[in-house]
Amino acid sequence: MIKETIAKLEKGEISARELVSGYLDTIKKKDPSLNAYREVFDDAMEEAEKIDLKIKHGDTPRPLEGIPFAIKDNILIKGKMAGAASKILEGYTASYDAACIKKLREAGAIFLGRTNMDEFAMGSSTENSAYGATKNPHDESRVPGGSSGGSAVAVAADMAMAALGSDTGGSIRQPAAFCGVVGLKPTYGAVSRSGLIAMASSLDQIGPIAKTVADAEVVFEAIKGSDLRDATSVQNPKSKSQVPKVIGIPKEYFLKEGMDAEVLKKVEEAIEFLKEKGFEIKEVSLPYTQYALAAYYIVMPAEVSANLARFDGMRYGPRAEEKNLFGVYAKTREKGFGPEVRRRIVLGTYVLSAGYYDAYYGRAQKVRYLIRKDFENEFKNVDVILTPTAPTLPFKIGEKTKDPLSMYLEDIFTVPANLAGVPAMSVPFGEARGLPVGIQLIAPWFEERRLFEVGKVLENVL
Amino acid sequence: MITPEDIKKLAELARIHLTEKEEKSLEKDLKSILSYVEKLKEVDVSGVHEMTHAVAAKNVFRGDEPGEEDDGTLLTEQFPEEERGYLKVKGVFERD
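Heads up: the protein sequence lines correspond to chains H and U, in order.
Take the first sequence: its position 90, counting from 1, is numbered 90 in the numbering used here, and each next residue is one higher.
Take the second sequence: its position 22, counting from 1, is numbered 1022 in the numbering used here, and each next residue is one higher.
These are calculated hints, taken from the structure and not from any lab test.
Any given hint might turn out to be false.
With beta-carbon atoms standing in for the labels, derived distance ranges [what the hints assert, rightly or not]: (1) H:ASN377 to U:THR1003: 34 to 44 Å; (2) H:ALA354 to U:LYS1028: 39 to 49 Å; (3) U:LYS1058 to H:GLU10: 38 to 48 Å; (4) U:GLU1068 to H:GLU272: 51 to 61 Å; (5) H:GLU46 to U:GLU1077: 29 to 39 Å; (6) H:GLY278 to U:ASP1006: 34 to 44 Å; (7) U:LYS1009 to H:MET45: 45 to 55 Å; (8) U:LYS1009 to H:GLY362: 17 to 27 Å; (9) H:ALA306 to U:LYS1028: 22 to 32 Å; (10) H:GLN242 to U:THR1003: 35 to 45 Å; (11) U:GLU1012 to H:GLY22: 51 to 61 Å.
Over the 10 Å line for every Cβ pair with chain U, so calculated as not near, a few chain H residues [as the list claims (entries may be wrong)]: (12) ILE14; (13) PRO32; (14) PRO63; (15) GLY79; (16) ILE249; (17) LYS251; (18) ARG315; (19) ALA330; (20) GLU334; (21) ARG372; (22) GLY421.
We put the beta carbon where it would ideally sit given N, CA and C, even for glycine.
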């Protein structure tokens, strides 16, 4: 869609203003019930006007010239509010652009608004927002997935052409699967995290949500690269590989228990489809996968408890009144954080406490190494690994909020890629019971190109 | 196993005030999550290194210099309390 749209802009068949006003109209019509946006910016038309002038002037369009974007509420845009859907950041205005925002801007993108999410990206349903749940456009009684639910819905419901999300344990891929769009979690370090409100720093990555694989690719190309403000970001090495031919199916990802039978059927169809298209299918084994979620629920809250210590009512956000400093901290954090955030901070504080480090955090980091090794071993035998993105179809709003563990199990297939740092993408593959199903493709470090190549085959099933 | 006193202590360490009701529900949630992560004990991790980063990390240095966007006003405008342009907080060593 992006390339075709830019071609139309260049030929003068459409203007950036028409494009933006079309999306703004759709937002006005659909968003009151979907609640994908936390805020729609008032300067998008102004930006579109500038771009129209440039095109009229005969400037060659940049890779994202005039493309309207939705941005997750945890990515900073200078001069705009950013809140990670938390009360503790109510009223906070960003003082600088995130690195990826700067790059999108330089590529010609227009920002339509910021999107709803689970508070501080903690959740798999966008129900944990302090500003109300977002609804799935395919069935409004159901969740859109999370935590980047607002971004996925904005794209799925034509309220933005593309969006940015963040993915710590599946927060781009699972909502993309639930909403029938494409979502990419790049290799850890492929995209700068500067300007992303941190959740778990060794796992977080920013990535695109888009209508097509080609669109996700254009956005990824625009935002990737090293940045001095994120010491873990690197210059992406050039892909060395041939065209991917062999697809691995890890037997550990095909559980009978806890897995929707119809989702499983769709995944099997996808495998058959790729076989017909000439790919070789090979069974592989990732034996430590079964420990991934347990390791994640130690590493992630530990990093959360450290990262969220900065939200104390001192420098920004609302500050509670109390008689001493400790009281101000404790009261501000009680009032500002929602229940899931408080739960993870306390859990993280526990696993990092003196005497428990070796039993929990140290052990989890060792298991993480073994999970990474699993991928290293099998990527000697196959080019890409295919799995379901999520074990279930989009569930009903309220269905899993009472039992945190049942919500955590939503991430069972997406978490291993974050722990290992490998890139993974969810591609829509038809529907089951009238709801979208996503297929997850996983590639070796910095081999996003393989995901795009297989993804382009897969999305053409219809 | 986690005790009610543990929860109180953790809340204090994490600087979060909890109501009694929440202390109880957190105790229950933590127990259930911790019993789930128990399964990591099955794994033989002897001789395995701790993985701290997904990509080989090395030190990266840069000069600590203000960039063009850091004129500071957007930052200081965020202060919940200020006096003559300075951030105002409660005394760190004050008595109750």
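Starting from the hint list further up, note which numbers the structure goes against and sort them upward. 2, 5, 6, 10, 15, 18, 19, 20, 21 and 22
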